[in-house]
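Residues in the sequence shown are numbered consecutively from 186, following our numbering.
What the hints contain is simulated information worked out from the structure, not anything from laboratory work.
A couple of the hints might just be wrong.
[Said to hold, decoys possible] Label-pair distances were calculated between CB atoms; the ranges are:
| hint | residue 1 | residue 2 | range |
| --- | --- | --- | --- |
| 1 | Q333 | T244 | 21 to 29 Å |
| 2 | N438 | N263 | 18 to 26 Å |
| 3 | S427 | I465 | 21 to 29 Å |
| 4 | A375 | T421 | 20 to 28 Å |
| 5 | L411 | R461 | 29 to 37 Å |
Each residue gets a CB set at the ideal place from its N, CA and C atoms; glycine is no exception.
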Amino acid sequence: MTHHSPRSMSEAWHGMCSRRQALALLVSGAAAPAMPAAAEPVAPLRLAVSESLVTDVNTNDASAAMSIWVKRLAQEMNIVVDYNAKAFDPTQEILSRARKGLLDAVALNVLEYRQVADNLDASQVVAEGGSVGPEQYLILVKNNSSFQKPLDLRGARLMMLKNPRMCVAPAWLSTILDGGYSGPWDKFFATVGSDSKVGRVVLPVFFGQADACVATRRGFDSMCELNPQVAKELRTIAASPSMVVNGYVFRKNYQSVYRDRFVKALSGLRSTVAGRQIAILFQFEELTLRDASCFASALSLLDAADRIRNRHGVAGRKGASL
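Please build the complete structure, drawing on both the sequences and the hints.
Encoded structure:
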């Protein structure tokens, strides 16, 4: 097969493709498969992954896993992916590339999606489904405490889970405190601690070192399976709506033979060793093809939090957590 320079590859595929993107193709090993001479060259699928999805993940491990998976896509599904194997993209880079049409598919959270929804295709979103399903947040307190509702926690010691799935939690807290409190949600509590490990968030409440915690239902259920006494000693005083908080989305008007193949690859992520490693690193259980309506619950919470912020004059911007 004839080898092309990064510049000639870029001109054939995108014309305006950056040097970094072209080099990423070569580094990832995703060389274009041989095609009949009469066939039109197919531009690689330009994939971006937001760094908001890899909090508390070893980025070297995640980058290596992504690079291996991208190579497998080329070898097994005939998908050429243009992906920066060296780094995950900051939110502002994701937003900029989406608005300029410089990506074809992007993995992002719902806060980021909200800011560039007009540039993305709402008809297909590959997001978590299956038995685990959407995310849900819980406020947990000790059984023998006097706390009955969130507003009872004024001046309390709060622990909060810190991971990519918690991106809508600040907005949710703002909405459930509204009506009895008019300031930023974190100022409502005496202290707010955080940790990326669910045990370090839930157990301080269990042992009386904190008054309440905010965790995901799946994280709390896992804790209860490991230690049934936790389920007996803690109770829920508030639960958020079930929400999809991240997913893979295509840019608007993106058409390519790679599109359906990429959806199939994501939906069958756990069917390959490389895919299972991606699923473990990014904590996906099962990805399914949906549409943008799956974000409706989360977007509704973010809109409500915006209205509260505007009414109270709290500084912020659309899409940002409060």
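For each hint, the structure was consulted:
1. For Q333 and T244, the Cβ-Cβ distance of about 42 Å falls outside the hinted range of 21 to 29 Å, so the restraint is violated.
2. For the hinted restraint 18 to 26 Å between N438 and N263, the CB-CB distance of approximately 23 Å keeps it satisfied.
3. Judged by the Cβ atoms, the range 21 to 29 Å given for S427 and I465 holds: they are separated by roughly 23 Å.
4. Between A375 and T421 the C-beta distance comes to about 21 Å, which sits within the given range of 20 to 28 Å.
5. Hint check: L411 to R461, Cβ distance near 22 Å, so the stated range 29 to 37 Å is violated.
Hints 1 and 5, counting from the list given before, are not met by this structure.
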